[in-house]
Amino acid sequence: MKAYTIKSSQKLFICLIAAMVIGLFGWLLVLPFIPNVNHPPEPESYWILAPFSVIMIILMVYLLCQVYKSKVIMDDEEIVLVSAFSRRTLSFDEIRGYRFTGKVLLVEPFDRSKKKIKISSSYEGYDEIENWFVHSYPNLDREEAEMEEREILMNPVLGKTEEERAVKLTKARKTAKVLNWISGLIAVWAFFLGDIPAVVAAILIPLVAIIVVKLSEGLIKITAKRESAFPSVMPAILSSTMGLGMRGMIFYNLFDIHEFWAPMWCTTLLYLILLISVKAFRFRKKNDIVLSIMLLLFVLGYSYGSVTCLNCSLDNSVPKKYSVVVLGKRISKGKSDTYYIKLAPWAGLKTSDEIDVPRKIYEITSTGKTVDLFLRPGVLKISWFTVGQPFPKSGL
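Quick note on numbering: our numbering labels position 103 of the sequence shown as 103, and the sequence is numbered without any gaps.
Hints were generated in silico from the structure; no laboratory data involved. A few of these clues could be false.
[Said to hold, decoys possible] With a Cα cut of at most 27 Å, we get these calculated DSSO-like pairs of lysine-lysine: (1) Lys115 to Lys225; (2) Lys350 to Lys369; (3) Lys7 to Lys116; (4) Lys329 to Lys342; (5) Lys7 to Lys174; (6) Lys320 to Lys333; (7) Lys279 to Lys174; (8) Lys214 to Lys225; (9) Lys116 to Lys225; (10) Lys171 to Lys214; (11) Lys279 to Lys321.
Quantities reported herein were computed from a predicted structural model and do not represent experimental measurements.
Turn these sequences into a full structure, and let the hints steer you where they fit.
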């Protein structure tokens with residue numbers, strides 16, 4: 001019998017993270033009861049902060065229990081996964097095969113009523129466990145991909161002969177690959193330069209992807225497993241969404257957010273209708289539901305990015321300049337520092353506002369001095385502004 005526990009380095013890392021999180025939220029939980037504290041939380045916000053802090057502390061305690069109690073036990077007859085509050089056992093005769101989900105080995109039984117066993121690469125001896133399964137059981141994803149390809153090559157709808165169907169499948173794979181690569185290049189172009197052709201191309205790529213799926217006779221999918229015989233255009237949708245979304249968040253400041261929601265939700269609805277028309281959303285299995293939720297998040301990101309970038313990049317109007325008093329400034333530390341300045345009310349605003357700015361702008365501004373803001377109406381009537389210069393900065 002062999003027992004495999006979580007790696008010591010993983011335990012140490014999770015302990016440090018859990019200690020910091022518990023310390024932080026524990027401090028926030030008792031903060032209102034400590035006398036003479038500067039800037040205590042408002043009573044209204046505390047009723048949200050308190051239960052959230054308790055939940056986070058419980059989650060961290062649960063995570064610590066999992067890390068120190070979890071182990072995989074293998075003997076001559078069965079495999080056992082022991083966790084903090086459960087125990088799963090499969091005899092070797094009950095195992096149908098395995099799959100890989102990222103860095104997790106998923107062991108599936110023949111009996112669907114029995115729960116699967118998930119073994120992550122964080123266990124000591126994971127390579128040994130993986131190697132044993134690879135030589136003892138079939139890779140279910142690979143088997144399903146081979147079955148999918150056989151079904152494609154036997155489908156008379158796709159051609160009269162098997163050779164003709166194989167040619168169509170090869171062309172579909174090449175088409176998806178080319179579209180995914182082109183989308184990635186356009187996304188980089190749109191993010192760094194943000195000119196009109198780049199933004200329009202990035203907006204059109206996901207729509208082109210849907211058209212390609214529609215015309216592929218079912219050979220190209222929006223989403224597909226990594227081992228699937230069917231090619232996927234998900235990388236094209238993902239790269240365009242990230243390029244537009246990051247461009248919108250980093251380079252443009254929306255002034256009137258109320259005018260933003262109508263075009264954003266209209267774009268989301270239109271894109272959802274197009275995706276539903278090609279059966280992009282599936283809810284048969286748990287993995288299908290996860291993929292559908294991820295796709296929905298990408299749709300929201302695409303809508304945000306496309307509306308923001310279209311509104312701002314196509315706006316060639318003359319900006320209105322405002323010299324606004326800086327009330328304060330701060331730096332938010334993290335993997336990358338974020339620089340904020342607090343502005344006095346301007347352009348009809350009744351309250352002060354805090355915005356993030358580039359480091360160069362942050363360094364040359366001082367509290368009590370003014371900073372130049374340039375306000376434009378936006379082609380979609382969503383007013384937006386730039387800080388310190390009349391045109392958005394380039395990413396290069």
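Verification of the hints:
1. Lys115 to Lys225: Measuring from Cα to Cα gives roughly 21 Å; hence the hint holds.
2. Lys350 to Lys369: 19 Å, holds
3. Lys7 to Lys116: 22 Å, holds
4. Lys329 to Lys342: Holds. Lys329 to Lys342 sits at ~6 Å (cutoff 27 Å).
5. Lys7 to Lys174: Given that 27 Å is the threshold and the Cα spacing comes to 42 Å, the pair is violated.
6. Lys320 to Lys333: 33 Å, violated
7. Lys279 to Lys174: 22 Å, holds
8. Lys214 to Lys225: 19 Å, holds
9. Lys116 to Lys225: 19 Å, holds
10. Lys171 to Lys214: 15 Å, holds
11. Lys279 to Lys321: 49 Å, violated
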